[in-house]
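**Q** Order-wise, the sequence lines are chains F and U.
Each residue of the first sequence is one higher than the last, beginning at 0 in numbering that gives the first Met the number 0.
Each residue of the second sequence is one higher than the last, beginning at 0 in numbering that gives the first Met the number 0.
Worth flagging that the hints you see were computed from the coordinates, not collected in a lab.
Mixed in with the good hints, there may be bad ones.
Pairs count within a copy or across copies, as identical chains cannot be separated in the list.
Derived lysine-lysine pairs resembling DSS-like cross-links, with alpha carbons at most 30 angstroms apart [said to hold, decoys possible]: (1) K503 with K303; (2) K552 with K302; (3) K543 with K396; (4) K303 with K23; (5) K209 with K393; (6) K209 with K303; (7) K543 with K572; (8) K503 with K536; (9) K552 with K439.
Protein chains: 2
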Amino acid sequence: MSVTRSFDPRKLRRYLPILEWGSKYTPSTFANDGIAAIIVTIMLIPQSLAYALLAGLPAQMGLYASILPLVAYAIFGTSRALAVGPVAVVSLMTAAAVGNMALQGTAEYAAAAITLAFISGVILLVMGFFRLGFFANFLSHPVIAGFITASGILIAASQIKHIFGVSASGETLPERLISLAQHLGQTNFITLIIGVAATAFLFWVRKGLKPLLISKGVGPRMADIATKAGPVAAVVVTTLISFAFSLNDHGVKIVGEVPRGLPPLTLPHFSPEIWSQLFGSAILISIIGFVESVSVAQTLAAKKRQRIVPDQELIGLGASNIAAAISGGYPVTGGFARSVVNFDAGAETPAAGAFTAVGIALAALFLTPLLYFLPIATLAATIIVAVLSLVDFKILKTTWGYSKADFAAVLATILLTLWFGVETGVSSGVILSIALHLYKTSRPHVAEVGLVPGSEHFRNINRHDVLTVPEMVTIRVDESLYFANARFLEDYILDRIADNPVIKHVVLMCPAVNDVDSSALETLEELNRRLNDAGIKLHLSEVKGPVMDRLQKSHLLQDLSGQVFLSQFAAMKALGDVTKPVPPETQSDTAA
Amino acid sequence: MSVTRSFDPRKLRRYLPILEWGSKYTPSTFANDGIAAIIVTIMLIPQSLAYALLAGLPAQMGLYASILPLVAYAIFGTSRALAVGPVAVVSLMTAAAVGNMALQGTAEYAAAAITLAFISGVILLVMGFFRLGFFANFLSHPVIAGFITASGILIAASQIKHIFGVSASGETLPERLISLAQHLGQTNFITLIIGVAATAFLFWVRKGLKPLLISKGVGPRMADIATKAGPVAAVVVTTLISFAFSLNDHGVKIVGEVPRGLPPLTLPHFSPEIWSQLFGSAILISIIGFVESVSVAQTLAAKKRQRIVPDQELIGLGASNIAAAISGGYPVTGGFARSVVNFDAGAETPAAGAFTAVGIALAALFLTPLLYFLPIATLAATIIVAVLSLVDFKILKTTWGYSKADFAAVLATILLTLWFGVETGVSSGVILSIALHLYKTSRPHVAEVGLVPGSEHFRNINRHDVLTVPEMVTIRVDESLYFANARFLEDYILDRIADNPVIKHVVLMCPAVNDVDSSALETLEELNRRLNDAGIKLHLSEVKGPVMDRLQKSHLLQDLSGQVFLSQFAAMKALGDVTKPVPPETQSDTAA
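Using the sequences plus the hints, can you model the full thing?
**A** Okay, here's the thing in structure tokens:
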């Protein structure tokens with residue numbers, strides 16, 4: 000009998016999905032992954048530069064964030080098609096978090112962004128190891144939708160200054176718009192022409208190029224992919240113009256010197272003070288990044304009946320962010336547009352991500368000198384066109400029609416994010432949606448019911464002509480009973496019996512009660528005592544199996560003044576003299 | 000046609016319950032209320048002094064808090080028997096809140112307590128006018144029980160120093176015990192004898208007097224009331240001893256000079272700085288006080304089939320606290336012990352409270368000189384004996400047996416309150432119980448079900464021998480679908496279909512789904528699309544009426560790849576080839 004614990008390869012595979020797909024890798028998979036990688040690389044170069052700009056970081060940090068993190072995800076991630084790297088919303092959140100600590104353009108600013116990636120990576124890894132992915136569930140859909148829309152507007156507003164070639168600042172929408180208006184007098188018109196032209200071109204590529212290509216006989220999938228190369232075309236053309244006319248001498252801001260070479264080895268700060276300042280932001284960035292990433296991965300995996308493991312995704316994204324932190328990058332997550340391109344281009348395994356990393360590394364080694372003359376306005380145009388697809392006010396309309404509480408959560412999240420910035424916006428949204436949920440369930444639907452004549456069914460006495468017995472009140476509650484609504488039910492019942500000396504029995508009909516927590520149990524025991532003091536018996540009917548199992552662990556059932564009935568009809572037969580119930584006024588019309 | 004709005008007396012009666020019961024007041028009601036008032040006055044005098052001491056305030060403020068607030072409650076309150084005034088837990092919370100702002104014994108300390116009562120009164124009034132009483136529901140029973148138990152221990156620990164006649168300080172239990180241990184060397188032994196004797200006497204009165212009186216032929220109700228006079232006896236006897244032997248010359252701390260006369264007119268601070276410092280504490284005090292008060296009032300009202308109006312109780316308690324603030328008092332609420340005495344002594348209307356106020360006012364006018372020699376140790380004994388009845392560890396045992404989540408909430412609230420003080424304790428408890436509730440509902444009970452042979456019932460495939468069809472998976476979810484659990488369900492279903500090419504239909508069976516919020520709707524729409532991409536149809540069965548009404552406002556039903564079935568049996572007949580289902584292994588044993 001050996002006491003050494005045997006090595007369990009399945010356990011290792013849980014944490015290293017690469018062992019799973021790597022063992023089945025074939026030349027044809029390699030070819031497909033390689034083609035996808037080339038297409039994603041072309042798309043990712045301008046995006047990486049632009050999002051670094053949005054985060055207030057040097058352009059090369061965007062490239063660095065698109066190399067090692069992709070390799071880390073390829074090893075630890077479970078999605079076959081997710082493409083990680085810098086994304087718009089996380090870049091905006093990085094700027095908001097780091098902007099409180101240092102001035103843009105300083106070394107401390109960049110170091111803080113690196114530290115933010117590291118903390119975010121640690122948070123994601125810890126959540127992954129302890130399987131805490133469910134925390135992300137507390138971000139309701141209205142909050143996410145409102146937040147993404149507001150972020151899109153904030154991001155677009157932050158880039159308008161680059162289109163006009165002016166300086167402006169501010170973190171919230173009013174600050175940004177006021178600062179922009181104050182500086183409009185300094186507009187550089189050459190910059191404006193480039194910016195507007197690039198924006199118009201990119202919008203046309205997005206809307207008009209695909210139909211054009213299809214009408215020329217290009218397949219819809221290839222046409223889709225080709226439209227993603229629009230930003231590259233804009234970058235190449237405007238860089239050439241900028242170079243040819245030395246536009247930087249005419250006040251057009253350009254990217255300038257981008258250091259050539261592979262990512263440097265960097266280390267985050269470990270000062271407790273800096274960690275405590277960045278921790279809250281890192282949690283928000285981690286959770287928002289995780290939610291977006293899993294949602295994309297889930298969508299793509301379902302198309303091929305593949306599965307992703309959300310808790311392992313936390314580890315994949317955590318490893319990616321730590322990889323970003325040690326290689327001069329900043330917080331990364333799975334991007335929607337590039338993952339779809341990756342999937343459509345035929346990526347079969349996470350190796351496509353690793354190959355993309357090679358492509359970006361080559362760009363960092365050889366292409367950076369060519370970016371010298373790239374106008375900042377072109378990158379701003381890329382960002383604006385990309386993020387405006389995030390802005391979606393339809394959610395306001397759909398939630399308005401479906402649920403006013405959800406509408407309130409969306410509207411509040413949008414307004415708070417625009418007015419007070421991303422962190423206040425999303426935190427308030429989460430708190431609000433939890434509060435609204437508790438409020439809704441704290442006032443459950445409660446109906447007094449009676450017997451439908453000629454049947455064994457019971458219905459709301461206010462909506463149907465039903466038989467009732469004056470000595471007996473039957474209350475059906477359509478919600479689990481827990482601390483937030485237990486008192487509501489108690490008030491309802493005590494109100495119903497107040498000043499009504501005829502009542503002898505109260506039956507609580509529980510077919511929709513999925514749980515009874517300690518507070519509700521205490522309330523039921525209290526209600527039982529109080530009704531008993533008033534000479535009224537409390538009965539239960541149609542209690543579900545699991546709820547009954549749990550109640551049997553308490554004293555309620557043995558203390559109950561009344562009985563527990565399997566069906567409400569049995570309760571009425573036992574308690575009410577059903578041969579002489581009070582008929583509804585219209586009974587003669589409806590009785591069977 | 001008149002445009003002036005007519006006066007609606009019912010509206011006035013909503014806010015002034017006194018108009019309701021006052022119009023029916025009779026001489027016999029007056030006699031009953033008067034007798035109850037005398038008994039409550041006798042009980043309230045030592046309590047008022049003791050709780051002022053506990054709050055760190057001069058003794059007379061306890062009396063002042065038992066005069067005008069009672070009159071205010073008599074006008075605005077809805078409970079016929081509730082006796083308001085200073086109570087132990089709120090006194091402790093007052094000490095914790097005000098202790099951060101000023102030193103005990105200073106004029107600023109007293110002024111801060113007055114301001115706290117005022118802010119608390121405003122909060123209660125605002126909550127009452129806007130009918131926000133449901134906020135109190137978020138205090139779950141485990142949190143309240145844990146908090147009250149921990150408060151009882153903290154209060155008792157805070158009084159031990161008076162029994163030993165030493166100085167000690169500290170807000171949390173460890174601080175208090177360490178400080179006490181450091182000062183034990185300075186014990187005054189005469190004080191200790193008085194303190195221990197008073198404590199022992201009061202415990203005996205509580206446990207032993209009632210059986211004794213009953214054995215002597217006293218009725219149980221009178222015996223009950225007589226035991227409440229124990230503290231008065233202790234006060235009288237120890238004051239006489241203290242006076243006879245001039246114990247203050249031997250180092251025994253006495254109450255000393257208590258100003259004689261009616262409550263002074265006082266005004267709270269209105270500085271925004273002080274308000275912002277006290278606001279959080281005032282919210283906690285208001286809500287804790289409200290919850291305790293309503294719970295007592297509810298219990299007593301139910302015995303006579305009377306009703307209380309929780310939102311009007313907020314107004315009653317708010318008016319009481321504002322009355323306390325303008326008459327030199329401090330935060331008040333409905334007390335459990337004294338309300339029960341009031342009820343048992345025969346109080347019929349809130350007028351009993353007003354008569355009690357007259358009694359206390361007479362005491363403030365004429366009795367205060369007699370309190371000069373009252374030993375502080377006697378008051379401490381009164382407090383200790385009173386609060387130890389609050390300490391109840393049974394809640395740990397009952398919640399352990401009933402629900403581990405609720406047990407965790409109780410234990411955390413107790414430990415956090417003892418270790419970090421009342422405010423941190425109760426706030427953490429509330430957050431924890433909300434988080435645990437969300438966690439529980441975020442992982443709902445989900446079962447895959449099959450047909451019970453020979454019936455139309457469906458049961459869990461893991462627990463019963465049921466018929467299933469390989470092409471069709473039926474998932475029953477036993478919880479409302481909302482943001483915190485929607486993704487769980489989606490993951491569950493996507494996991495179930497992954498790598499299983501046989502499945503053609505997924506049926507979501509919804510008899511226990513009471514609500515589907517926007518997030519869950521979005522998830523269902525997404526799930527529908529994803530399953531469709533994988534060639535699987537999504538169906539719903541047994542959807543409740545109100546949920547169906549709501550879903551009809553969305554696009555889900557028209558986009559649904561499958562159908563909505565009224566019953567699961569109909570779904571199985573339509574989708575599965577029920578003539579050839581796969582039998583359970585033991586079917587031959589169980590088939591009908």
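**Q** Check K209 against K303 for me: Cα-Cα at most 30 angstroms, and say if that holds within a copy, between copies, both or neither.
**A** Within. Shortest intra-copy distance 25 angstroms satisfies the 30 angstroms Cα cut-off; inter-copy 77 angstroms does not.
**Q** Can you give me the call for K552 and K302, within, between, both or neither, at a CA distance of at most 30 angstroms?
**A** between (46 angstroms within a copy, 28 angstroms between copies)
**Q** For K552 vs K439, is the C-alpha pair at or below 30 angstroms within one copy, between two copies, both, or neither?
**A** both (29 angstroms within a copy, 19 angstroms between copies)
**Q** How would you label the pair K543, K396 (within, between, both, or neither) given a Cα cut-off of 30 angstroms?
**A** between (38 angstroms within a copy, 25 angstroms between copies)
**Q** Under a CA distance limit of 30 angstroms, which applies to K209 and K393: within one copy, between copies, both, or neither?
**A** Cα proximity of K209 and K393: one copy only (24 angstroms, versus 71 angstroms across).
**Q** Up to 30 angstroms between alpha-carbons, please classify K543 paired with K572: within, between, both or neither.
**A** Classified as both: same-chain Cα gap 20 angstroms, cross-chain 26 angstroms, threshold 30 angstroms.
**Q** Quick one: K503 to K303, C-alpha cut-off 30 angstroms, is that within a copy, between copies, both, or neither?
**A** Intra 61 angstroms, inter 14 angstroms, cutoff 30 angstroms: inter-copy only.
**Q** Give the relationship of K503 and K536 under a CA distance limit of 30 angstroms: within one copy only, between copies only, both, or neither.
**A** For K503 and K536, the Cα distance is within 30 angstroms only inside one copy (6 angstroms; across copies 51 angstroms).
**Q** Quick one: K303 to K23, C-alpha cut-off 30 angstroms, is that within a copy, between copies, both, or neither?
**A** within (17 angstroms within a copy, 77 angstroms between copies)
Violated hints are absent here; each numbered hint is respected by the structure.
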